[in-house]
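Asker: In terms of our numbering, the sequence shown is residues 1 to 153.
In short, the hints are calculated from the structure, not lab data. In this text, all values refer to a predicted model and were calculated from it rather than measured experimentally. It is possible that part of the hints are untrue.
What follows is a list of derived Cβ distance ranges for each label pair [as the list claims (entries may be wrong)]:
#1 G92 - E18: 28 to 38 Å
#2 K93 - W20: 13 to 23 Å
#3 Q144 - W20: 17 to 27 Å
#4 P91 - S16: 21 to 31 Å
#5 Q144 - V90: 17 to 27 Å
#6 D145 - V79: 33 to 43 Å
As a list, the in silico EDC-like pairs of lysine to aspartate or glutamate whose alpha-carbon atoms are at most 20 Å apart [claimed, not checked]:
#7 K100 - E44
#8 K55 - E44
#9 K46 - D24
#10 K93 - E18
#11 K55 - D105
#12 K50 - D149
#13 K93 - D145
#14 K34 - E82
#15 K68 - E115
#16 K100 - D149
#17 K99 - E44
#18 K68 - D105
#19 K100 - E21
#20 K46 - E18
#21 K46 - E82
#22 K100 - E146
#23 K55 - D145
#24 K86 - E44
#25 K118 - E21
#26 K127 - D65
#27 K46 - D105
#28 K34 - D149
#29 K99 - E82
#30 K118 - D65
#31 K86 - E21
#32 K50 - E89
#33 K93 - E146
#34 K118 - D24
Note that the Cβ used here is the ideal one computed from N, Cα and C, for glycine as well.
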Amino acid sequence: MRIQELTEATEKPQYSNEFWEAVDSCQSMWQPAKNARIILASPEAKPFMKAPSVKHIFRAVRSLDPSKSPVIAYATSTVGAEQFAKSLEVPGKWVVVQKKFSPADFLLDFTSMIEYYKIGLGYGYRKEHEIWMRNTPYYATPDQDEVVDMFRT
1 MRIQELTEAT EKPQYSNEFW EAVDSCQSMW QPAKNARIIL ASPEAKPFMK
51 APSVKHIFRA VRSLDPSKSP VIAYATSTVG AEQFAKSLEV PGKWVVVQKK
101 FSPADFLLDF TSMIEYYKIG LGYGYRKEHE IWMRNTPYYA TPDQDEVVDM
151 FRT
């Protein structure tokens, strides 16, 4: 669901304290597994569980080791993936991997959700456009042949 459609439906977005705390903590990468579960189970997140119309998604990583996170954050562009890495302020070499997007494994349009609720927009999410994917072997494990860019922070 688009931001404009949601804004027309209600003047002031409402959300619970538990939801706000989970989103804020998730943005700070504090207890990501717990907070991802809270967010995904919340009624506030339901309108943002409609898959975007993209063919590929991108993720910046420092190694090709599989992720153990319960959700895997991707960006909808290479610029977004690089923005994520730069926001961490962790110096070093990064690679951007490209994966085919599968709507069946899509969980949440995180950026649209926080834009709608106006939570933490200072983190650079507009450039990043973060979406959450299910942790499957395909999305959790970047392969060398999927590398589309390299950069340093």
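Asker: Would you mind marking each hint as holding or not holding in the structure?
Answerer: Status of the hints after comparison with the structure:
1. G92 - E18: 28 to 38 Å: Since the Cβ atoms of G92 and E18 sit about 35 Å apart, the hinted range of 28 to 38 Å holds.
2. K93 - W20: 13 to 23 Å: At roughly 36 Å between Cβ atoms, W20 and K93 fall outside 13 to 23 Å, so the hint is violated.
3. Q144 - W20: 17 to 27 Å: 40 Å, violated
4. P91 - S16: 21 to 31 Å: The hinted range 21 to 31 Å is violated for P91 and S16, with Cβ atoms some 38 Å apart.
5. Q144 - V90: 17 to 27 Å: Given about 21 Å between the Cβ atoms, the range holds.
6. D145 - V79: 33 to 43 Å: Roughly 22 Å apart at Cβ, these two residues miss the hinted range, so it is violated.
7. K100 - E44: 28 Å, violated
8. K55 - E44: 26 Å, violated
9. K46 - D24: 18 Å, holds
10. K93 - E18: 36 Å, violated
11. K55 - D105: At roughly 13 Å apart (the allowed maximum being 20 Å), D105 and K55 satisfy the hint.
12. K50 - D149: 28 Å, violated
13. K93 - D145: Since the Cα atoms of K93 and D145 sit roughly 17 Å apart, the hinted pair holds (cutoff 20 Å).
14. K34 - E82: Violated. K34 to E82 sits at ~26 Å, over the 20 Å cutoff.
15. K68 - E115: 27 Å, violated
16. K100 - D149: Roughly 16 Å between the alpha carbons, so the hint for K100 and D149 holds.
17. K99 - E44: 28 Å, violated
18. K68 - D105: 16 Å, holds
19. K100 - E21: With a Cα-Cα distance of about 32 Å, the restraint between K100 and E21 is violated, given a limit of 20 Å.
20. K46 - E18: 15 Å, holds
21. K46 - E82: 28 Å, violated
22. K100 - E146: 10 Å, holds
23. K55 - D145: Given pair K55, D145 holds - Cα atoms ~17 Å apart, limit 20 Å.
24. K86 - E44: Since the Cα atoms of K86 and E44 sit roughly 29 Å apart, the hinted pair is violated (cutoff 20 Å).
25. K118 - E21: 13 Å, holds
26. K127 - D65: The hint is violated at about 26 Å.
27. K46 - D105: Roughly 15 Å between the alpha carbons, so the hint for K46 and D105 holds.
28. K34 - D149: Roughly 31 Å separates the two Cα atoms, so the pair is violated.
29. K99 - E82: Holds. K99 to E82 sits at ~15 Å (cutoff 20 Å).
30. K118 - D65: 34 Å, violated
31. K86 - E21: 24 Å, violated
32. K50 - E89: 31 Å, violated
33. K93 - E146: It holds: about 16 Å lies between the C-alpha atoms, which stays within 20 Å.
34. K118 - D24: 11 Å, holds
In this structure, the hints that do not hold are numbers 2, 3, 4, 6, 7, 8, 10, 12, 14, 15, 17, 19, 21, 24, 26, 28, 30, 31, 32, in rising order.
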